[in-house]
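Residues per chain are reported as follows:
Number of protein chains: 2
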Amino acid sequence: MTDITPYIILSKPQLGENIGSTARAMKNFDIEKLRLISPRDGWPNDSAYAISAGADNVLNNIEVFSTLEQGTQDISLLIATTARKRVVGTKPLNIFEAVEKAFEHTINGGKIGFLFGPEQSGLSNDDVVQADFTISIPLNKNFSSLNLSQAVLLICWEWNKIRISKAGVEKNNIILNKKLKKSTELSNVGDREYFYKQLDQMLKQSGFFYSPEMEPVVKRNIRSLFNRASLTHQDLRTLHGIVRSLSGKSNRT
Amino acid sequence: MTDITPYIILSKPQLGENIGSTARAMKNFDIEKLRLISPRDGWPNDSAYAISAGADNVLNNIEVFSTLEQGTQDISLLIATTARKRVVGTKPLNIFEAVEKAFEHTINGGKIGFLFGPEQSGLSNDDVVQADFTISIPLNKNFSSLNLSQAVLLICWEWNKIRISKAGVEKNNIILNKKLKKSTELSNVGDREYFYKQLDQMLKQSGFFYSPEMEPVVKRNIRSLFNRASLTHQDLRTLHGIVRSLSGKSNRT
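As you go down the protein sequences, you meet chains A and B in turn. Numbers 195 to 447, taken from this note's numbering, label the letters of the first sequence in order. Numbers 195 to 447, taken from this note's numbering, label the letters of the second sequence in order.
Just chain A, same shape as in the assembly (with noise of 0.2 angstroms):
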């Protein structure tokens, strides 16, 4: 059977604390995929354990990458949550959108992966890029003090609720909708990081980026596009065809 839990996936958190009370909260809803990229203070993390409250197989299947690229490498859909507007290019969903859209992603054999940053900072620009969608969790525009653990909670309960809502659908195995794209087709975050690596190279090469300083925003700009279009493996083989025959180095003869 096709396993339709998300990823949880927390990038640089700081507090042994938050990882702890995370794991808890996403294993009232029953989900218990937890990645961390590069936690700060190390893993495991005895204040972790502390406060879980006994989802300690949740802390103890933990998976710990050193970079995003690493730990997003398998995931074909990331949703990335930010408190502010951004100004990448990443196409932002309202919350309930996203969560429907990535259910229905599961069930047709894709993998999802939630992507929460570090507790102080939030994600960088970088990490934002990464993404397919972005979305944010609506607050009191007065208050907006959401500690790590409950944005992850609310995502877990939306997620429930959804899963619990199309329970019967996804068991007679009912695809309901418009599905245009079956979601192994989907390329994977690191296929697509290579994509854009090889092309930075190129471009690199070429001259292209004229300007050091706006570089960095180019390529994430590039990299924002390219995403907003939801890449197929197919897609990927085409853009991978055209980078080389624009750039002469075609194998073809």
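FYI, nobody ran anything at the bench for these hints, they're computed from the structure. It is possible that part of the hints are untrue.
You can't tell identical chains apart in this list, so a pair holds if it fits in one copy or across any two.
As the list claims (entries may be wrong) - Mimicking DSS-like on lysine-lysine, the simulated pairs with C-alpha atoms at most 27 angstroms apart in a straight line are:
hint : residue 1 : residue 2
1    : Lys305    : Lys285
2    : Lys295    : Lys355
3    : Lys305    : Lys227
4    : Lys335    : Lys206
5    : Lys335    : Lys355
6    : Lys413    : Lys443
7    : Lys391    : Lys413
8    : Lys206    : Lys360
Got chain A sorted already, so can you dock chain B onto it with the hints?
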């Protein structure tokens, strides 16, 4: 104007920390009316202030009562949150029905209270029977470990969703909609096609279309790939630049 926020009522809360984090959770959703029934450690309580992260005004305006009867005197619809099935005859409602019903009730001038029991034991049967309805938060049957403030958080979240959906989305200035890009920033079909044509031509020159019969299909795929990204004018300029640069046709020196 009618005040349409509910009262959060904590019956015999034990830890000051939980009162503080409850206030903080509430304030995220602009819900500020908190009542305590016979708090174990008295009131005010320093630990509550220490943890409330700036929700001081909620704490300063707390109303304290010694019995539930006094603390719900003016409440016209009381909803008790319970973790488990009850033997008492109070009618259980599903949480979404309950919040919806409660919201309509306030619109019609009623006063709503959501009642939460002590951390360890939950509400006593004597407390529960005071309520019009009970609600339970659906959780993982093998791991139900929401703390008090998380339970309050979820209720406030659901309340806020109803408030947003009912009370004139524009007025609350909340963006429930996907369109963040101004349509004027989006590229026109003509501009896009101009880019695709240029790309087609360059790809042709570089030998990309090695199978003549597939050429039209590949061209369509390229168009649909890029069109899915909702390209802006700026995106198009970037893409033109990329293509020129890769193919060595850049004017830049």
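Outcome of the hint check:
Only within a single protomer do Lys305 and Lys285 lie at most 27 angstroms apart by alpha-carbon distance; the minimum there is 19 angstroms, versus 40 angstroms between protomers. Taking identical chains as interchangeable, the C-alpha atoms of Lys295 and Lys355 lie at most 27 angstroms apart whether they share a chain (13 angstroms) or sit on different chains (19 angstroms). Taking the shortest Cα distances, Lys305 and Lys227 sit within 27 angstroms of each other inside one copy (11 angstroms), while across copies they are farther apart (41 angstroms). Within a single copy, Lys335 and Lys206 get their C-alpha atoms as close as 26 angstroms, which meets the 27 angstroms cut-off; across copies the closest is 31 angstroms, which misses it.
Within a single copy, Lys335 and Lys355 get their C-alpha atoms as close as 26 angstroms, and across copies as close as 15 angstroms, so both meet the 27 angstroms cut-off. Both within a single protomer and between protomers do Lys413 and Lys443 lie at most 27 angstroms apart by alpha-carbon distance, with minima of 21 angstroms and 20 angstroms respectively. For a Cα distance limit of 27 angstroms, the shortest separation of Lys391 from Lys413 qualifies both inside one copy, at 9 angstroms, and across copies, at 24 angstroms. In the homo-oligomer, the alpha carbons of Lys206 and Lys360 never lie at most 27 angstroms apart, since the shortest distance is 33 angstroms inside one protomer and 38 angstroms across protomers.
Of the numbered hints stated above, the single one contradicted by the structure is hint 8.
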